[in-house]
Amino acid sequence: MVLLFEILTLARWSPYVVGAGIGILTCLAFLLSDRPLGCSTAFVKARGLIGKAINPEKTGRMEYYREIIPQVDWALMIIPGIVIGAFLSSVLSGTFQVSWVPPLWASAFGSNVVVRVVVALLGGILLGFGARWAGGCTSGHGISGSIQLSLGSMITAACFFAGGIGIAFLLFHGTGMW
Amino acid sequence: MGALSAIRGSRVLQVLLGLLTGICFGFLLQKGGLTDYGTIEGQLLLVDFTVLKVMLSAVIVGMIVFHLLKHLGYVNSHAAEGSLGSNVIGGLIFGAGFGLLGYCPGTVAGAVGTGALDALVGGMVGMLIGAGAFAEIYPEVRATILTRGKFPVVTVPEFLHTGVWTTILILEVCMIGFLLVLGYSGL
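From first to last, the protein sequence lines are chains A and B. Just so you know, our numbering puts 69 at position 69 of the first sequence, and the rest follows in order with no gaps. Just so you know, our numbering puts 128 at position 128 of the second sequence, and the rest follows in order with no gaps.
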């Protein structure tokens, strides 16, 4: 028990152990829920539920929400689950901290909250839009899709990183961070 | 198999399983450091390889376990047909967002759990707006751009004209080799 508690309160685990755990978790999702482990569908469902509350008629007519039905199910619950899991882990790690600007960002662009939030919002919009355009995210394509030997998923994951590396280099260019 | 289809068919159990899977996933992401902006942006700046180490380890383990389970008839493949229009264009748009935000759709939720408010007010709100915007344009792109340049095959073994287990062996050797090189080069 003491050993288990010590492991759970470690600030970091080996990336290989964490990865192996995620690989097993993904296989459990295939086994018990007959579906890949993905995170971006939840945002469509949540957006659809908000739409149903504000303008049910229009939301009901939209084709995308007839394919990805806005309802409380596995694909939606993964996101509140991740928030809870990461919260528990960070409290156990002793690293939980309310913050607005990540340290790496602050060291390159300063600690102005508005600047960080505006860029994060723009990034979030592109991320949500791109994930649905590509039909999945880093976990859905990158991990679940690759595990299934999906050619499209591996190409998508390569594009995630190609785009991400390109923008990160442009963004941090001249900040002395690399 | 009867028990398995009962679990898969139960709406309540599936809601609970989704939540439980999320909790385990979020816990692992935080312990791996992937809920930190610095780890993800560090990967995109090629100075911190934690993200690749975690992802490749997940695929190395998951690929073997998944195909053993599939061989035994316990899991189904969900690999879908891809296209340049959907996977490449969508992947690059996602990548641009990935670079600006410094989180992806799963890790943004994890970051919120660790107290990162930029992930909540910027990232998660942005994702809802982005997903909603895609739902708006979906009827326009569904049968046009998204189906442009369809890939001729669905899976890697079909592409390489190799057997499934041979393909797995090749990919496992490449992924493990890559991790060893990363480790030995001190990254």
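Any given hint could be a false lead.
Unchecked claim - With beta-carbon atoms standing in for the labels, derived distance ranges:
{"no.": "1", "chain 1": "A", "residue 1": "A53", "chain 2": "B", "residue 2": "V153", "range": "38 to 44 Å"}
{"no.": "2", "chain 1": "B", "residue 1": "E81", "chain 2": "A", "residue 2": "A106", "range": "41 to 47 Å"}
{"no.": "3", "chain 1": "A", "residue 1": "V91", "chain 2": "B", "residue 2": "L46", "range": "21 to 27 Å"}
{"no.": "4", "chain 1": "B", "residue 1": "K70", "chain 2": "A", "residue 2": "N112", "range": "46 to 52 Å"}
{"no.": "5", "chain 1": "A", "residue 1": "R61", "chain 2": "B", "residue 2": "L182", "range": "47 to 53 Å"}
{"no.": "6", "chain 1": "A", "residue 1": "G176", "chain 2": "B", "residue 2": "R142", "range": "43 to 49 Å"}
{"no.": "7", "chain 1": "A", "residue 1": "S14", "chain 2": "B", "residue 2": "S77", "range": "40 to 46 Å"}
{"no.": "8", "chain 1": "A", "residue 1": "V91", "chain 2": "B", "residue 2": "S77", "range": "37 to 43 Å"}
{"no.": "9", "chain 1": "A", "residue 1": "L10", "chain 2": "B", "residue 2": "E140", "range": "47 to 53 Å"}
To be verified - EDC-like cross-link-like pairs, simulated, lysine to aspartate or glutamate; straight-line CA separation at most 16 Å:
{"no.": "10", "chain 1": "B", "residue 1": "K150", "chain 2": "B", "residue 2": "D48"}
{"no.": "11", "chain 1": "A", "residue 1": "K58", "chain 2": "B", "residue 2": "E136"}
{"no.": "12", "chain 1": "B", "residue 1": "K70", "chain 2": "A", "residue 2": "E57"}
If you're looking for bench data, these hints aren't it; they were derived computationally from the structure. Glycine residues also receive a C-beta, built at the ideal position from the N, C-alpha and C atoms.
Status of each hint after checking the structure:
1. A:A53 x B:V153: 38 to 44 Å: 43 Å, holds
2. B:E81 x A:A106: 41 to 47 Å: 44 Å, holds
3. A:V91 x B:L46: 21 to 27 Å: Violated - the Cβ-Cβ distance for V91 (chain A) and L46 (chain B), about 32 Å, lies outside 21 to 27 Å.
4. B:K70 x A:N112: 46 to 52 Å: Holds, at about 51 Å.
5. A:R61 x B:L182: 47 to 53 Å: 50 Å, holds
6. A:G176 x B:R142: 43 to 49 Å: Holds: the Cβ-Cβ distance is about 45 Å, inside 43 to 49 Å.
7. A:S14 x B:S77: 40 to 46 Å: At roughly 30 Å between Cβ atoms, S77 (chain B) and S14 (chain A) fall outside 40 to 46 Å, so the hint is violated.
8. A:V91 x B:S77: 37 to 43 Å: 38 Å, holds
9. A:L10 x B:E140: 47 to 53 Å: 49 Å, holds
10. B:K150 x B:D48: Violated, at about 34 Å.
11. A:K58 x B:E136: 11 Å, holds
12. B:K70 x A:E57: Violated, at roughly 42 Å.
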